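Single-letter residue listing:
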Amino acid sequence: MHLSSSSFGKYGHYRAFALNEIAGKKIKYAGEASCVVCHKSEANHKKKGDHARLSCEICHGAGSRHASYAGNFKSKNLPDSLLLNKPVERQFCARCHQDNLARVKIKCDTINFSAVKLVNTKDHNVADEDTRLPYKCIDCHNPHMP
Amino acid sequence: MKLINKNANRRSFLKAGLFLAGGAAATTLLKPYNAIAVVPEEPKGEKPWYGIGIDIDKCIGCGSCAKSCKIENDVPMEPFFFRSWVEQYTILNDGSVKVESPNGGLDGFTQSVPDKDVFKSFFVPKMCNHCSKSPCTQVCPVGATFESPEGVVLIDEKYCIGCRYCIQACPYGCRYLHPKKKVADKCTLCYHRIKKGMQPACFANCPTGARIFGDLHDKKSELVRFLKDHTCMVLKPHMNTGAKLFYNSLSAEVR
Amino acid sequence: MEEFKHLFEMLPKVQGYIYPNEVDLNWSILIVLYPYITGLVAGAFILASLERVFKVKVLKPTYHLALLTALSFLLVATMPLINHLGKPMRAYEIMITPHLTSAMAIFGFVYLWYLMVVLLLEIWFDYRKDVIIWSNQSTGIKKIIYKIISLGTTDISPKAVALDNKMGYIITIIGIPSAFLLHGYVGFIFGSIKANPWWSTVLMPVIFLFSAMVSGIALVMLIYMIVTRIRKMKIDMACLDTIAKYLFYILILDFTLESLDQIHRIYVSEESFEIINLLISGKLYITLFIFQVIMGTLIPLFTLGTLQFYKPADKTRKTIYLIISSLVLFGIFFMRWNVVIGGQLFSKSFYGFTSFKISLIGTEGYLMAFIWLVIPLAILSFLLWLLPPWKKQEEEYDPEST
Numbered sequence: 752m753h754l755s756s757s758s759f760g761k762y763g764h765y766r767a768f769a770l771n772e773i774a775g776k777k778i779k780y781a782g783e784a785s786c787v788v789c790h791k792s793e794a795n796h797k798k799k800g801d802h803a804r805l806s807c808e809i810c811h812g813a814g815s816r817h818a819s820y821a822g823n824f825k826s827k828n829l830p831d832s833l834l835l836n837k838p839v840e841r842q843f844c845a846r847c848h849q850d851n852l853a854r855v856k857i858k859c860d861t862i863n864f865s866a867v868k869l870v871n872t873k874d875h876n877v878a879d880e881d882t883r884l885p886y887k888c889i890d891c892h893n894p895h896m897p
Numbered sequence: 088m089k090l091i092n093k094n095a096n097r098r099s100f101l102k103a104g105l106f107l108a109g110g111a112a113a114t115t116l117l118k119p120y121n122a123i124a125v126v127p128e129e130p131k132g133e134k135p136w137y138g139i140g141i142d143i144d145k146c147i148g149c150g151s152c153a154k155s156c157k158i159e160n161d162v163p164m165e166p167f168f169f170r171s172w173v174e175q176y177t178i179l180n181d182g183s184v185k186v187e188s189p190n191g192g193l194d195g196f197t198q199s200v201p202d203k204d205v206f207k208s209f210f211v212p213k214m215c216n217h218c219s220k221s222p223c224t225q226v227c228p229v230g231a232t233f234e235s236p237e238g239v240v241l242i243d244e245k246y247c248i249g250c251r252y253c254i255q256a257c258p259y260g261c262r263y264l265h266p267k268k269k270v271a272d273k274c275t276l277c278y279h280r281i282k283k284g285m286q287p288a289c290f291a292n293c294p295t296g297a298r299i300f301g302d303l304h305d306k307k308s309e310l311v312r313f314l315k316d317h318t319c320m321v322l323k324p325h326m327n328t329g330a331k332l333f334y335n336s337l338s339a340e341v342r
Numbered sequence: 322m323e324e325f326k327h328l329f330e331m332l333p334k335v336q337g338y339i340y341p342n343e344v345d346l347n348w349s350i351l352i353v354l355y356p357y358i359t360g361l362v363a364g365a366f367i368l369a370s371l372e373r374v375f376k377v378k379v380l381k382p383t384y385h386l387a388l389l390t391a392l393s394f395l396l397v398a399t400m401p402l403i404n405h406l407g408k409p410m411r412a413y414e415i416m417i418t419p420h421l422t423s424a425m426a427i428f429g430f431v432y433l434w435y436l437m438v439v440l441l442l443e444i445w446f447d448y449r450k451d452v453i454i455w456s457n458q459s460t461g462i463k464k465i466i467y468k469i470i471s472l473g474t475t476d477i478s479p480k481a482v483a484l485d486n487k488m489g490y491i492i493t494i495i496g497i498p499s500a501f502l503l504h505g506y507v508g509f510i511f512g513s514i515k516a517n518p519w520w521s522t523v524l525m526p527v528i529f530l531f532s533a534m535v536s537g538i539a540l541v542m543l544i545y546m547i548v549t550r551i552r553k554m555k556i557d558m559a560c561l562d563t564i565a566k567y568l569f570y571i572l573i574l575d576f577t578l579e580s581l582d583q584i585h586r587i588y589v590s591e592e593s594f595e596i597i598n599l600l601i602s603g604k605l606y607i608t609l610f611i612f613q614v615i616m617g618t619l620i621p622l623f624t625l626g627t628l629q630f631y632k633p634a635d636k637t638r639k640t641i642y643l644i645i646s647s648l649v650l651f652g653i654f655f656m657r658w659n660v661v662i663g664g665q666l667f668s669k670s671f672y673g674f675t676s677f678k679i680s681l682i683g684t685e686g687y688l689m690a691f692i693w694l695v696i697p698l699a700i701l702s703f704l705l706w707l708l709p710p711w712k713k714q715e716e717e718y719d720p721e722s723t
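Residue numbers (the numbering used here), protein chains in the order written: chain A, 752 to 897; chain B, 88 to 342; chain C, 322 to 723.
Accuracy of the hints is not assured; some may be wrong.
No farther apart than 30 Å at their CA atoms in a straight line, the calculated lysine-lysine pairs in the BS3-like style are these [stated by the list, open to error]: (1) A:Lys776 / B:Lys185; (2) B:Lys207 / A:Lys873; (3) B:Lys203 / A:Lys779; (4) A:Lys779 / B:Lys307.
Just so you know, these hints were derived from the structure itself, not from any lab. All values reported here derive from a predicted model rather than from experimental measurement.
With the hints as extra help, turn the sequences into a complete structure.
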């Protein structure tokens, strides 16, 4: 009779075991609490700036593997596969800070949601005037305390 | 004598056949009607009943939600498979509506209409509405998709036959056929995270707090407060899907 | 990357905005075939029942042919479906844990009911006597097959044969609503999807039913002409004229219903109206207006209508019937196409369209679809060889039974 599964129909018209199977999937984003365990100074830094409410993993990527294995290594000897992103490109900052009327909220002047500073990343201090070397955003702005 | 026996045999064979088939037909005719007529009820009591709030006013279209969703849930990276994506709506001065979602917003947005032509513009993050009367669950022929006791619509990937009826039935376009697994796939509200007390990935990685996850049964939850303080709307309310994804500042153009 | 090539090719063809998951069409040509083939079954059966239940004796030459045609196509009806599943090996689940709120879940039962109880039983009772006679006359494999088909029965006394006839009659009576159920139900699978305004109409089951009858009648008409030609026999024109008459009447009904559906759509002009308007005047223009409406409906309607008043020579009529039945079959195929494919071309956001490209090979290509259409014809040829209707003995002891 139970060609399907013994758990079929326990809670509804489905395999009840599926609930545990789905719940048992691996987590990729560990959450800020895991980062703070080691990266105390960065965390303290960030707390004081405009990015205080941002989770570390928004910029640095999913850190679950990094967090669970990093403790096994001396800080400088982490294999590349466990390293997280340190995005440095203008393009990355532009994801949030590039001028866009949808970010300005022109339709609404009562709610002052101005936490996000907008700039046209295509012409804002693109390169050094003398040396012509391109600037990165983080040359001037500390991403942890912009 | 012989003749009668033959006939009797044939008759009983026929009777059994008709009986079986009649039973099947009766179930066919009666039960679905019964089952359709009875709208699934929201369980009462202490148990969590999860819902979602999205504040369109706070969304800056960075695409972190869409990106983290793909990573957290191993969603294929090709731009045809999304559990969570962001749309930019631009209403032009001439009244036309332009909707964009390049790669689901995963790589961020670039304003494509010059400022002078824009009447208004905003981002709308989309994801499964985890409907309490979900049409996708209703149409699954085998019971491979279902609503969990917490009100999360899930797919049993070991049971799905890949008929894609659910994909057709979802009014919000939130389902796709997984190209490798060949079964339907969708947002699980990060069931593996919420069962451990964590936020779903798209919520945890939203920089502006535009996404609010919570328990609709817990009257003190952030979500319930959000619903109380804002005028919220669901997508396609005329579909009566019992959607549990509530948007603040939802414009009429959004579909 | 290779497996996504066709999707990347599709991306630039997207018009307007579609949800990102909507680029690919989920139901392809195999799902076009499914209602097409089931429709042919239901239609052919209903034509057969006209002779049996409603005593339209002039249709006698096509009675068994229609039944065998229905059976040949019904045997294949589920194959495109299973072929199309992402996980075909799990298809059995639909029988062991049918989710009764799903319109699709019941298909397995409706199908089995129709196959086992209606078609197989009816054909068995119809042929039982002949099969027994044939098994005595033939030798070798054929004899063994006849023995198996007769299920061990040997009684061909008038009394037993009379019972056969009675059972056949009862089953046909059960069969008519069953045929309605089978195909109306297929329409409900589409009609019940509220998310899709192109499908979601209460008329869908009825439209499917009448278009099924139209296609089934046209098919039997065509097959009758071809088979008779192959056998080098004379075509019974009275029979053909009567089939054409029924085809004409039901085509009128079908066309009326479909027009009603469209008129209603235009008049109520709901939220989805603009996108559907764009759909039928754009992407579906050729398959809907040219193929389905003009070639598949209006030309046959006009021609068959004319034939009701004016009868040209037999030879001319034969040619006309040949063309008309082919046109109707062509038109109904595209009616299914327009429903299934058309319903997926526009986005559920109503802001844009995706496009549909079908390849020649692959499980969802033209070739595969063609194979699923040829297999029933092969089965039919086999059945006609095994159970030739024209070799059946005339039932002279009929009056006694009913």
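Status of each hint after checking the structure:
no.: 1; hint: A:Lys776 / B:Lys185; verdict: violated (38 Å)
no.: 2; hint: B:Lys207 / A:Lys873; verdict: holds (23 Å)
no.: 3; hint: B:Lys203 / A:Lys779; verdict: violated (43 Å)
no.: 4; hint: A:Lys779 / B:Lys307; verdict: holds (29 Å)
Of the numbered hints listed earlier, those contradicted by the structure are 1 and 3.
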